[in-house]
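Peer 1: Residues per chain, in single letters:
2 protein chains.
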Amino acid sequence: MRILVTNDDGIYSEGIRLLAAELARLGEVVVVAPDREQSATGHSLTLSRPLRMQRLEEGWYAVDGTPTDCVNLAILSLLRDTPPDLIVSGINFGLNVGDDVTYSGTVSATFEGAILGVPSIAFSQEVSEGFSFARAARLAARLVQEVIAEPIPRDTLLNVNFPAGEPRGVVFSRLGKRVYRQSVIEKVDPRGRKYYWIAGTPEWQEDPGTDHGAVQNGCISVTPLHLDLTDYRGLETWGGFAGRIDGILGSDPARAR
Amino acid sequence: MRILVTNDDGIYSEGIRLLAAELARLGEVVVVAPDREQSATGHSLTLSRPLRMQRLEEGWYAVDGTPTDCVNLAILSLLRDTPPDLIVSGINFGLNVGDDVTYSGTVSATFEGAILGVPSIAFSQEVSEGFSFARAARLAARLVQEVIAEPIPRDTLLNVNFPAGEPRGVVFSRLGKRVYRQSVIEKVDPRGRKYYWIAGTPEWQEDPGTDHGAVQNGCISVTPLHLDLTDYRGLETWGGFAGRIDGILGSDPARAR
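For the record, the sequence lines run as chains A and B.
Okay, so the first sequence: first residue is 9 according to the numbering used here, each after it adds one.
Okay, so the second sequence: first residue is 9 according to the numbering used here, each after it adds one.
If we strip away everything but chain A, and leave its shape as in the complex, we get (with noise of 0.2 Å):
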């Protein structure tokens, strides 16, 4: 059993140390990893310039890019001939629910490893009063081994968020739904320049079933994800428009049929 580490919070933080400790019971673990912090980046990739790789010290390797970089690097390159078996992503400072996984870089790097047909798991740690990063990893590798205890479909995509108190329960849990808008604010430099910062609390709507709501209640939430983002139901909905849309070439003089 192989296990690929990375996280979004770069490779010297706690909780990637402690994850990747915990996990190194279940097998041999290696650590591609951002050389700092990456949060908010998405599921971005670094096209534009060359990306380096260092080895810090056995299995752990600092990439000065983004998470989704470090999966790339890591399975296509450093671990080619050696895959990995599964992919945990790691453990993120601060939760990672409802529509928030789309900014993270925890999650994106599971995304990157569904793409490249790795199964692959994100562990976000809400971080209030009573949160502990040892607890987490200590849980998170339970989970891994309950997990890969069958053999484990490619498609796997696992979304893991630990409540900050000790956990009551595990509830398996769909993405929640957030109310506020983020806010902008507005300063003005010394120059008399005015600069933006993008802030905002996040609020959320009360709902049963979600993976906010799980943690609320202080369980650890389990959501499965994918990555078809089609929408079905609008697919339905869009069809009757299709014949008016396609006029738009009838009436296109420059068409040619």
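It should be emphasised that the hints constitute simulated quantities derived from the structure, not laboratory data.
The structure presented is a predicted model; accordingly, all values stated were derived computationally and were not measured.
Incorrect hints may have been included.
Since the list gives no way to pick out one identical chain from another, each pair is judged satisfied if it fits inside one copy or across any two copies.
Said to hold, decoys possible - Under the rule of at most 16 Å between Cα atoms (straight-line distance), these lysine to aspartate or glutamate pairs were calculated in the EDC-like manner:
id : residue 1 : residue 2
1  : K185      : E174
2  : K202      : D163
3  : K185      : D163
4  : K185      : D236
5  : K202      : D89
Got chain A; can you put chain B on it based on the hints?
Peer 2: Chain B in isolation, oriented as in the chain A frame:
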């Protein structure tokens, strides 16, 4: 009718210039776009540094951030009192289909629109023999005109791709599936240190009904998207797993229920 226009190729690109000009026939256009290319930045948000927004000319604003940043600054600051009815992103230089939509800054701008409650449409242009941004911009405006002819639902999120040649029709499609793996190219710099490029030529599953298939067939592909990545089938499958996973807590000595 007020339309916010953004992209990921940067505010000086041909695609956004021609698109904004065509959309100006339909209503008031405000362009808020990155000051340089931001391709493959995915749904990334700049949180660790402040952003600048520079007015280039009437209705044109350049931001030193990602497309997602641009949408936030536009909706939550610049246009806070005069919100747009629609966000249009593009026209991207190159297709954004299938698995690749989550890397795309162009499409991610529409994700941000959806999260902020503004209907959004992304346009991308296949770049090969016979492509024309002028034709794509004209057709994009016609498509937008059809969409806004009726009240637009807040959750409208359309991903549109134009084929390189004269389009043969409009196809409502689902996201296709890539089969190629990215590749990583390893090189050595003049000082003997390795560096890496992420590369790769996409190959696609031949599957009727997909966006990539539609464009291959010379048609305009229109794909409705949504942001609920929950794998509901997976939720059923993993449901049976819940009891076993819950056991990981039961045997945790630190646990207090």
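Peer 1: Taking the hints in turn, state whether each one holds.
Peer 2: Here's how the hints hold up against the structure:
For a Cα distance limit of 16 Å, the shortest separation of K185 from E174 qualifies neither inside one copy, at 25 Å, nor across copies, at 41 Å. In this homomeric assembly, K202 and D163 never come within 16 Å of each other (Cα to Cα): the closest approach is 46 Å inside a single copy and 32 Å across copies. Taking identical chains as interchangeable, the C-alpha atoms of K185 and D163 lie at most 16 Å apart only when they sit on different chains, with a minimum of 13 Å there against 24 Å within one chain. Taking the shortest alpha-carbon separations for K185 and D236, only the inter-copy value of 9 Å comes in at or below 16 Å, while the best intra-copy value is 18 Å.
Taking identical chains as interchangeable, the C-alpha atoms of K202 and D89 are never at most 16 Å apart, the minima being 52 Å within one chain and 18 Å between chains.
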